[in-house]
Amino acid sequence: MDILSLFIIIPLLTITGIILVKDIRNVKKVAAIGMGIQLILAAVLIFLYVAERKGGNISEMLFIKDIVWFKSLNIHYAVGVDGISVAMIALTSIVVFAGIFASWEVELLTKEFFISLILLATGVFGFFISIDLFTLFLFYELAVIPMYLLIGIWGSGPKEYSAMKLTLMLMGASALLLVGILGIYMHSAPSGNQLTFNILEIKQYVIPITAQRTFFPFTFVGFGVLGALFPFHTWSPDGHSSAPTAVSMLHAGVLMKLGGYGAFRVAIYLMPEAAKELSWIFLILTSISVVYGAFGAIAQKDLKYINAYSSVSHCGLVLFAILMMNKTAMNGAVIQMISHGLMTALFFALIGMIYGRTHTRLINEMGGLMKVIPFLSVCYVIAGLASLGLPGLSGFVAEMTIFVGAFQHPDLFHRVVTIVAITSIVITAVYILRVIAILLLGPVTNPKYENFRDARWYEKTSVIALILPVAAIGMAPFWLSSTISSSMQPIIDKIMAINLF
Amino acid sequence: MINFSYSIWLLLIPLMMFFILGLAGHKLGPRLSGLLGTSGLAIITMLSFIIAYSYFFGTPKNGEGFKAIIAYNITWLQLIDNLHIDIGVLLDPISVMMLIVVSTVSFMVHIYSLGYMKGERGYERFFAFLSLFTFSMLGLVVAPNIFQMYIFWELVGISSYLLIGFYYQKPSAVAASKKAFIVTRFADLGFLIGILILSFYTKTFDFITLTDPSGPAIAKTGGATFMGLSVITWSMIFVYMGGVGKSAMFPFHIWLPDAMEGPTPVSALIHAATMVVAGVYLVARLFPVYVMASPQALHIIAYVGAFSSLFAAVIACTQTDIKRVLAYSTMSQIGYMMLALGVSGYGGHNGLGFMASMFHLFTHAMFKALLFLGAGAIIHAVHSNFMTDMGGLRKYLPITHITFLIACLSIAGVPLFAGFFSKDEILAAAFEHNKFLFAVEYAVAGLTAFYMFRLYFSIFWGKETQYHHTPHEAPLTMTIPLIILALGAALTGFIPFNKLVTSDGLPFESHLDWGVAVPSVIIGLLGITVAWAMYSKSSNLPDRVASAFRLGYKWAYNKFYMDELYLFITKKIIFRYISEPVAWFDRHIVDGTMNAIATVTQVTSFRIRKFQSGQIQQYAFVYISGVIFLVILLVYIWR
Amino acid sequence: MNTGIPIQYFLILATIMFFTGIYGFLTRRNLITILMSTELILNSVNINFMAFNRYLFPHKLDGMFFSLFIIAVAAAEAAVAISIIINIYRRFTTINVEDVDEMKY
Amino acid sequence: MNLQDFLLMRQELLLTLAAIIVLAAEIFWNPAKKKSVIFFAIIIFSLVTAAGMIPSEDGYLFGGMYISTGLMRLMKNILDIGVLIILVQSYTWLMKPENEERISEYFILIFTTLVGMDFMISSGHFLMFYLGLELATIPVAALAAFERYKNKSAEAGIKLILISSLSSGVLLFGISMIYGTSGLLYFYDLSKVFAGGSLQILGFIFFFAGMAFKISIVPFHLWTADVYEGAPVNITSFLSVISKGAALFIFIIVLYTVFPVIIESWQKTILVTSILTMTIGNLFAIRQQNIKRFLAFSSISQAGYILLGIIGANQAGMTSVVYYMIVYIFSNLGAFGVITAISNATGKENIDDYNGLYQTNPKLSLTMTLALFSLAGIPPVAGFFGKFFLFAAAAEKGFYFLVLIAVLNTIISLYYYLLVVKAMFINKNENPVMKFKSDIPTRFGLMICVLGIFLTGFASIIYEYIKNLSFGI
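Residue numbers (the numbering used here), protein chains in the order written: chain E, 1 to 501; chain A, 502 to 1140; chain H, 1141 to 1245; chain D, 1246 to 1718.
The shape of chain E in the complex, shown without the other chains (with noise of 0.2 angstroms):
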């Protein structure tokens, strides 16, 4: 058994765990143990990672297992990691382990949602390890339609609409998809040749530019509208305030870095140069949601919804660096994938957690909170100065990587969008600390504040097990973003290879 498998194998094991656990409270006990063997299991595979390239092993994949499923179709199921999926998958155990704990105290269908849960993550570490184009698909799909029934049953608002909505918008994203998968499928290969879904093997073929232009606006914005490309990105606000909060901390932490990893890994990987010719007007759109969620999340009222924006802001900062198609740019993209993964969990969780004590999410039913729950208060500064790019924590990394190396682009326009990019930042800060300014500072608004509890045991596993990585990549960014840019060189060759004709 190698050990990519084991990503997927463990959290299987977990959900027979739980259906077999006859007492209920134990539930969540399984859940936690089972995740945080994939925890372990992470960080493990990020030492053997290491090793290897230590070793010197310079192939673009490792621990590449290859087995042959569809014959005939020649769909196999391979699985192998660069870098950068590596990356993706410690942040995705990260978030996973902390909303085990952060769902706590889920009462109403224990066992369901934890199997949900867990099935959700299963799509999303199979996304990160398949390098076939098939089980890709699979498991993308696979990840989105946990999420209406989480939403649906353990949510809040309208969560019927809003569970509809997001899962047919994202169900119409993967739809868009199949066609462009179909699309590079049947150019994988010069005519007689066998086609193959293999990512591998596929970017060794230059796709005939015709076929480019029409598969990668398709797989492109199939992609996109889960990183939340303007205008495909409003499933995001209704979802995610609707979600309970593991959901929103997996949805906005993981679900939404699926469309920035899949739009490198596939549409500009396999399809480079329609990605040149075309990346102008998905710039335009990026750089406005960049802005426009900015924007949008000033004038919101309840936490998630601003959250919501800002995710809608921060992740168009990822597949607008991702357009810009040189290595400095798209490392940052990956870095910024990374830690707005963790820190808008983080972002969700301490939400949730409020929320659970106030029972209402609008910042202007609450205020000085800071008095009576410093931990949980003190943690939401930190991930909201994560959040507007603070040196010394993961944003401000990420950040400064998308913007200096989108600046060096030669192209004019592209600079100009980076400028534009650029002043999110400003209105960043104003959205973040207008909303630590009502909701935390200030006077106690509320008499019965007084007697809230500050973060429990297993909140404050939660909290810490995100605030750690955020510190971490802010204060020592080297080691993760040479690992990330040593395995974008391959993109980054294919890339640069078209540019001579």
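Among the hints, erroneous ones may be present.
Claimed, not checked - Simulated restraints, written as ranges between beta carbons of each label pair:
no. : chain 1 : residue 1 : chain 2 : residue 2 : range
1   : H       : E1238     : A       : I1098     : 36 to 42 angstroms
2   : E       : P231      : D       : D1684     : 36 to 42 angstroms
3   : E       : P374      : A       : R1088     : 34 to 40 angstroms
4   : E       : P231      : D       : D1434     : 56 to 62 angstroms
I should point out that these hints are in silico values taken from the structure, not numbers from a laboratory. All C-beta atoms in this analysis are idealised placements derived from N, C-alpha and C, irrespective of residue type, glycine included.
Assemble the complex: chain E is given as a structure, and chains A, H and D must be docked to it using the hints.
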């Protein structure tokens, strides 16, 4: 060459302090954490004095003056092959000079705070933040590349935010901190863009490379131009925007007065002595680029500085909150420094302005910190910020009184006090380069003397107010720093800056220009006497003067309505006319479209239900027409 | 051998019958009549087959047999249909096709 | 006839035999224990199914009127399995007092229908094809009207029989034209001489209309919903999977063997009709309240997707169609199984009645959810694979536009499937379906369906097996 690599501890110690006090402060308890923080600062101060000594007097200078030394450097983040963010320590005259300023004042403030903050809620937090600020400020000062400077630039911003909002339950403090951060953040946007443009054309962040006269920034200015100015000039203007924000120059000055909501020691440390002069330091740091590659930017700096100093001085004359008066005077003094840089040239005696600016930065740090700490002591005694509630305090607070007086004399430019020398150099430099600005500065000198002594008289002399409990002198922990700083304010004028801190590192000859000095002294004394006449004893003279220039007074009193203007822009424009429309658009247009698709589907599905009428014969009819339709399609159209 | 009537006549007749049947199917209200018009359709097909067989491919009898089978099957179909119609009459007490529309939309 | 021939058409003969045996049992069995006929018949039928599995080599009888190839045997086996599941599911319903009189009648009718389908599938001649078709249609009408005591049942029967006779008339008219232009009725010979003149295309269209009625392709589908709603649940499931499947199988075989010459014409036809079928089916399904009617429309749209596999006219296409039929049988029967169980227990057939079902009957709800997800094409259940292969087959021939329409339609279908899931899991209900324990056969049937739903997807061996048997143009 001496090895300075130990200077990295300048950054490590306060960082450790921050983490220890921040994470374990509530376990250590107030007293212990206070002592920890202060002792940490003591070590740092010692370190910086050692460094300063061994830099200025330890290193052999065989004729080519002070060289910049990279004492320590590691790559923090690799961006592009030739662009990487380093963290390190750069030692050269100005950075070493700043080390002295920052560490000394910070140390003083620490000691002062031990007494001032006693019994405050969140005592440990206060010292943790102070350490954080010290760390950031030192990092900014010793930054060997512009990006590290930006990083710590942001960090001082956040620590100032945290410290202004220290009394986080006081809405005004919260608002002030928010305002301070956002305004400076906006300015930093310019800074960042400037950095990006600069790095795009020069492919480096490194200060030494940038300021190298034959380097990419200066030698290759013949590059692209935009609206008649070279791209380097543009980038430098953008970079200066950052400086304007931090140093509270017009029009980004509005945050500084409100920042006085923070505890007084903080105002002394951050908003008088150290952080607010970061803008000046930034310009000085990139001075060669400004002077050689972008003179236009330098002109802008000069005029902005001059205007700000005048503007602030006028407002200061009318304020009654003593801390606000001091704040505006800070702004005006920084205006002086900016102007000095703006009118300076490069090398030898041309660099007089540069030297003068640094000199004034140094002395100003001393007496302004002293003024604020004194004000702190007064407020501590009277429990009010308003000079209207004070008067005749000289017999209650003797030490404070004396030290405050020294500071006032120093800032007013009375001879033999530190301020006199530095200000005189500035005026001299202005006189040599730009007569108009010189005239402005003369006026400002008078105003300065006037409002400082207005303050002084109305606090310590003037009418005898009845205090519900008699004010008493501050404890020793507070008075000792006052005395030390008073010594600084009195004596630092005699430091030979022209030998140590010059634009090109080479010492040059400069002497007191009596032609400039005497009139300025006279003007200063004039201002003092006017103040004496008006405020030394209680009279209705001030009110009559005020009513004489009613309109002007009203405007100046309301700070020329700048706050209202900003409020209008932020609340009305940004919030009302951008954000809310965006939010509305998103909910109703973008989202509406998505919902519309669903609705349309539903409606169609309702409309076409009539096909399923339940009538066999209609089914048959549809069936047959389907056949006919296909026949037409295949046999007649597509054939 | 085949004197007199040309094949076209048969085909035209068959076509007319076919569409008459369809017309009846669409317009008649009585279920029995509708059933009869389906018989009409089937018989038009029979005519087609036989005419084709007789005129074009006289040496084989496929068409003839086909029509025989059609007749047989039609009978069976009619039997089932009638029985259902009887049941309809039991339940609805009418065999007017328009009343048999409980299920719609 | 010798053993060889017997082996070739053993499925038909055994089925006929089974029908006769059941008839005999009906006649001679002690009326007291009529009910045991159920087990008896089911056992016999499972034996027949097993016999069908026995491998045997290809061949033809009656001068090519009857052909038997591996693919055809596979198709028949698929149908047999489907029918077996249905028989098991109909246990409870047959045990009802109002039906127990006519248990054997039920089985005889089902068996004869199946015989007809088998003959239709392995027909090599239009006459044989026609006979099989009618034999497969007429008894179903009787079955649809099985519940004499229900208005809806009778109405369903009459609608089915009338429209079917109309359509068979049209179909025969088409065949007659083909005969008139070629003088041939053997598929094999026709594929040689078929020229593609206007008259032949006309004939093809009439033939297509006849088949489209069975597969319920828009605009020939209108009978479907009413009949599905009116007929007893098991018959509905029989109609929706078995007869539809049989028709599809023979339809694709005839298309590929007889009409390759006019491929452009029928590709256009299928292009248009499949778009119509998917869209109309989905649009109608959205606002259905009766769950059977709802599934009727969903099955219409499913037919639309299946056409995507046919249009490619390639080996992958035929493979994916057969494969999808397997998936479809398991999924649809799973859904219908749940419906049967519930309507037997409570007689409730509206989607609103399913509100809060998960609270009372979690297992049934989960089965239903799996089945619906499989129909919607959600991984990891089989439907995902089936749909993917169908679309891939269409894309291979460059019908990307059609694929796009199809995937967009899957979104609509996902919407209404989720509505049912929502009803079961999310919606609140003050008096939900009470908690009940369904009997062994029902649970057994559902078990098979669930297993099928999971395994068919992951076990690539099935797909490869079909691939080896199927062929393209």
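Hint check:
For the pair E1238 of chain H and I1098 of chain A, the beta carbons lie near 38 angstroms from each other, so the given range of 36 to 42 angstroms is met. A hinted range of 36 to 42 angstroms is violated for the C-beta pair P231 of chain E and D1684 of chain D, which are about 54 angstroms apart. For P374 of chain E and R1088 of chain A, the hinted distance range of 34 to 40 angstroms is satisfied, since their beta carbons lie about 35 angstroms from each other. Checked against the hint of 56 to 62 angstroms, the C-beta distance between P231 of chain E and D1434 of chain D comes to roughly 59 angstroms, which is consistent with it.
Checked against the numbered hints given earlier, the structure breaks only hint 2 and satisfies all the rest.
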